[in-house]
Amino acid sequence: MVYEANPKCYITCSVLNNCFFDKGKVLLAKYKKSGSLVAIKHFNLEDFTQDQYDMIIDEIVFMRQLKHPNILPCLTSYVLNVDLFVISPLMGYTSCHDLIATHFQDGLSEVLISIFLRDILRALQYIHSKGFIHRAIKARHILVSTDGRACLSGLRYMYPISKCKMNDKVYNFPLNASHNLNWLSPELLEQNSDGYNEKSDIYSVGVTACELANGIVPFAETSTTLMLTEKVRGVVPQLIDCTTWYLYEDGQSQKEELTSSNETIENGNQKTISRRFSDSFHRFVALCSNRNVSMRPLPKQLLNHSFFKSIRRLNVNLSELLLPAVPFTETNTAELREDLATIDNVFHNFNNMSVFTEEWDF
Amino acid sequence: MPLFGKSQKSPAEVVKALKDALTALERGDKKSDKAQEDVSKNLLLIKNMLYGNSDSEPQTDIVVAQVAQEFYNSNLLYSLICNLNKIDFEGKKDVAQVFNNILRRQIGTRSPTVEYICTKPEILFTLMGGYELQEIALNCGSMLRECARYEALAKIMLNSEDFFNFFRYVEVSTFDIASDAFSTFKELLTRHKIICSEFLEQNYEKVFQHYQRLLNSENYVTRRQSLKLLGELLLDRHNFTVMTRYISNPDNLKLMMNMLKEKSRNIQFEAFHVFKVFVANPNKPKPILDILLRNQEKLVDFLSRFHTDRSEDEQFNDEKAYLIKQIKELKPIPSSSSTMGASSSATSSHSSTTTTYFGSNAVSKTSGSASVVVSSNTSTTLADSSIDASNSITSSSVNVTNNVMSDSSVTSTRNTFS
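Chains A and B, in that order, give the protein sequences.
Here full-length UniProt numbering is used: the first residue of the first sequence is 1, the next is one more, and so on.
Here full-length UniProt numbering is used: the first residue of the second sequence is 1, the next is one more, and so on.
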């Protein structure tokens, strides 16, 4: 179906989230002609610097020029006054980052992670085959559709791999990437003359796997400089479960002292400490986050890893696994029928109260 | 890919297979699904010959030369582009990659493909027409920009009647396509200085008549981009003749003075860079001088408040100071009756509505939409008077809601044009 580049064809329903350093908003909307739900990214171009503007254009072009079931497409885009609107299909469960924030503070279950990461590796395999590095794999950029398919977004950080076979390294450091540093590979962060290649993305997959499982990104409480030196020294991100939690004991006890009366944190710790991830999951993470780039496998090889073998054996019902999270669907989404400007104003006022980031439950 | 890696087909065979499949696809009979598949398969084979893939290195120069020669002989570039919208999604991108690779081919200092395309300009015209079709617009765009790097090809495109279609393409409603068209448009107008300035001089009337529409576009992005490009074109020393002509026309000055006060700060800023050329011109024609003189005080006042927060931008501040000095020192030419006209138009402007006061389309349109942002404007009014002075001028509704502003800076910064 062709989506028209006409603002009159869309009815805004609510505001889902912020994006692009909070300079943009993600709106939930309905396409009038078909009634299908779409996500609209809304940017005020007046606020953008030239390189941010270029990044947005790049992202739309990449979304248009890459077609894969696990990559978030751009259906159309249009300008109204000083605002740019980019239309994508709605991902009913929003991003993995939001899922963790709202319902899974201690992380997602291993089965879910394996299903999502398999999808993401497929997307990566495609992106690499088209000659690009993604450079921004993280839970925030993994969106989950209503039928449980994981889609990769954040394509604005993509960069072409040199076509020349003699030297397929990349030296460019991503612009405006301060939000992504924790996920980036040591060789990319080092910015030395060795450069980096598409395997940098695999390292990010490893960090993201830990983020999804632990509910918090590795190095989250580390300063940027320390994070860099630790990564370069070869400190690898870890899954936290009963086999590894003692490694974090120091950190945990400090945290408990700080928030001694906070029961939920202690309960959370208890749950984290008693759970156990499979050996294949631990091996998968270790493989992805190997400091030695040549030892790091490519997406194609990783897809054959035993971590993903279990998906076939289990007959999983994704929507049950994702409970209590419920996706946005055509039936549970109300039409606000107010124009975008009104919603934006409301959103500005309540920006910090996260009123609209809550799920609708009808 | 091992499936294709085994293929030992010669370039001639692959190109022939592609040609046959394309002919079948063009006919569009029952077998067109199969034909589409064959086209994509053979395109991928050719692409891998030229670029190599994960399993193989790119082929030697001899093979590349053979592929190129077969392409010329069978007129395949043209048929690929003509049938681009029938080729599948990945195939379209492969066409662009193959095209760009063959185009870049060099023998010593010669570019044989460029020479070939010069004899077949319909390839370029078909590519330019590609912007009409959403599905192939971006693919054609990438090929066009590759072509525009070569002076001979850029010249053909600039001097074709089809070039003026770009004025339409850059304004289509789909943002990514409009934006792609604009970068091709800009490339064509700026890349090869000599032929660009020749083109602009010879077609001055027509180009700027069309360009005026972009500057007055309803689309903010079009307005902002075209204004920025205008500044770049006028300030390029190769375009001196064009610049002189442009800054002699009082209508152009009026437009820029209006744009200086648009509510978008980015547009104000770009307009400044065109406006400064009018003021810096040492030989101002009388109509230009008259307008500047009539607004002498207002302009000085306006510019002293203009984007005062850009304190770190030294060049901008120097230029602004220079303009203020220039405008202050302007002297009227004796025996002029312009003072009478100015005073009468000034009085009438206060009583008339914004729409009739500003003749230009662009301004009346923005003032219409300005009512939407009134609430946010008024909140920042006192914080930054320079922005808001210009905001409120374009919007009569702001004047109504905010009496303080209309009393002080608004009336004083209004520019009067006869």
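If you're looking for bench data, these hints aren't it; they were derived computationally from the structure.
Computed from a predicted structure; not experimentally measured.
Take these hints with a grain of salt, some might be off.
Heads up, simulated PhoX-like pairs for lysine-lysine below, C-alpha to C-alpha not over 25 Å straight-line [said to hold, decoys possible]: (1) K300(A) to K41(B); (2) K34(B) to K93(B); (3) K47(B) to K169(A); (4) K23(A) to K9(B); (5) K130(A) to K228(B); (6) K228(B) to K300(A); (7) K130(A) to K9(B); (8) K47(B) to K67(A).
Computed Cβ-Cβ distance ranges for the label pairs, DEER-style [stated by the list, open to error]: (9) E320(A) to R149(B): 53 to 61 Å; (10) E232(B) to N44(A): 54 to 62 Å; (11) E161(B) to D168(A): 39 to 47 Å; (12) I62(B) to L303(A): 51 to 59 Å; (13) I62(B) to A177(A): 37 to 45 Å; (14) K9(B) to V111(A): 39 to 47 Å; (15) Q315(B) to A177(A): 24 to 32 Å; (16) S10(B) to A177(A): 44 to 52 Å; (17) D29(B) to D168(A): 38 to 46 Å.
Glycine included, every Cβ here is placed at the ideal spot set by N, Cα and C.
Hints that the structure is at odds with (numbers, increasing): 4, 5, 6, 10 and 12
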